[in-house]
Amino acid sequence: MVALLERESPSVRPSEGEQQALLSLHSVSKKFDTTRQMTVALQDIDLHVAPGEFVVIVGPSGCGKTTLLNIVAGLEKVDRGEAVFDGKVIKKPGPERVVVFQEHALYPWLSVRGNVEFGLKMRGVGIKERRELVDRYLELVNLKNFEKAFVHELSGGMKQRVQLARALAVEPQMLLMDEPFAALDAQTRDILQEELQLIWERTGATILFITHNVREAVILADRVLVMTPSPGQIKREFKVDIPHPRSFDSHAVVDLAAEVRSELQHDLFERAHKGGKRGH
Amino acid sequence: MATDTFEFKPASRLSRTLAGGSDFFFKLLRIAAFYVGLIVVWQLVADSGLWESYAFAGPTEVWDSLQQNWDNGRIQDAVQTSLKRLAIGFAFAFIIGITMGAAMGGLKWVDETVGSLAVGMQSLPSVTWLPLALIWYGLSERAIIFVVVMGSVFAISISARDGVRNIPPLFRRAGLTFGANHYQMLRYVVMPGMIPSMVQGLKLGWSFAWRSLMAAELLYVSGGLGFLLQLGRDLNNISQVMAVMVVIIAIGLTVDRVIFARLEGWVKERWGLA
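So the sequence lines, in the order shown, correspond to chains P and C. Mapping of the first sequence onto my numbering: position 119 corresponds to residue 119, and the numbering continues sequentially without gaps. Mapping of the second sequence onto my numbering: position 202 corresponds to residue 1202, and the numbering continues sequentially without gaps.
Hints in this document: simulated from the structure, not taken from any laboratory. Keep in mind it's a predicted model, so treat the numbers as computed, not measured. By construction, the Cβ of each residue, glycine as well, lies at the ideal position given by its N, Cα and C atoms. The reader is advised that the hints may include incorrect statements.
What the hints assert, rightly or not - Each computed DSBU-like pair below joins lysine-lysine, with the alpha-carbon atoms no more than 30 Å apart:
id, chain 1, residue 1, chain 2, residue 2
1, P, K144, P, K121
2, P, K91, C, K1108
3, P, K144, C, K1268
Stated by the list, open to error - Computed Cβ-Cβ distance ranges for the label pairs, DEER-style:
id, chain 1, residue 1, chain 2, residue 2, range
4, P, Q265, C, V1110, 33 to 43 Å
5, C, G1272, P, M38, 52 to 62 Å
6, P, G124, C, K1108, 26 to 36 Å
7, P, K91, C, L1204, 34 to 44 Å
Said to hold, decoys possible - So the derived list for chain C, only partly shown, Cβ under 10 Å to chain P, looks like this:
id, residue
8, A1174
9, G1179
10, N1181
11, L1263
12, V1267
13, E1269
Work out the full structure, taking the sequences as your base and the hints as a guide.
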């Protein structure tokens, strides 16, 4: 159905070898000053993502994971350290690193088709090629029949699939997903997690995905990075070798999710007993 | 993966009208009944003899006057003259107002300076620009158009500013992530994004422009509906005065129901606002 889509699917997905990394963060730090307090959003983050890899960062709200994603997207700047993408220091946003936002990021004045077309239009892609690409990606996310609908006529799950199609249509080198399923109901989230696994396998996309949902992280990721707040740090890394498609009630998924969850809870527990004042 | 197998069919305008057919019919009937009733009451009041006939004209006299002024072409001339002035003045106000408002919404220092001035100027009744206009431009078309522009440009600019400000930041971030440059952001994100706020502003701007025009035409000999109204007064012709007022009301209602109702319908269809 989508023969054109199949890219060289890397038979061996190289893990964190710095050499082949598409994205590298070198001791990235970021602070936010407000009148009341100073928050260390990120402290000495080192992160390497290889081409074709699906990396999920999981952590409680306020741990700095969205700040991290925004830095990779070029929407925020680092205070210290360096964020390098494809050999170049990240200075501004660009269509090679497209963001799928949480919600309400589709344009209401455009139809579904117009939204998916948006990024291609910004890049100056010709009208004929634009039509082909939009058709292809609307089919990929199963929304061909809804191309003429307006955004407010769609369900939450459909909106996120439009966002996914809009992002994939510009064929970015890396997809940045900022809690894209957080606002959806549980059933819709299950379906979209399944679809995202299929889309990832079919397109070989490199994905950096942010969530606070441990189970979601384990189902999707090649690697799960656990982040803890104040200061925002990557505490531990889990490799996930369970074959796709993963079902959320399989033993391997449940066991690993429990392990990740206990890591997070351990951290929260320690904090509660230290009793220090902590900002978000 | 195929979760949505049913087909999405947006209801066509025709099928919607047909489905709500009887509702639509009753709505028309209700409106017609209201106006017929109003005219009957008007006639009864005129016949009651409470006012002398030179001070109050009934619907039949007003209708006669309308017919007479139509037959000798005065109404058509006056409507044409007034609408032309309105169109020119409103077009200027639209372009200047949107440019000013977009700058006020996008640049803080413009809002602090020009923005505060616009708020102050908006409180000025537009007729007060007329003496100034007459001194600057003399008894000319320009003077009237100037008053129309000044009457509506500030309302339009303030709504344009709010329109730019009300665009959700996420829309810009989405634009950035797809690599939109400054021009593209303005053309494809900011301009369409400000439309819902603009519709209200344009409506306000049009009604200000229309009122300023009538006031200006009343105060100075120049053709147009305001002039025809003033002529009726000078001739002590109450039925002409009331006939011209009816025409002014009809134009106002038509513009609101035809142009702005369409614009609002377009916004509603896309944004889904109630």
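I'd like to know which numbered hints this structure contradicts. Please list them from smallest to largest.
4, 5, 11
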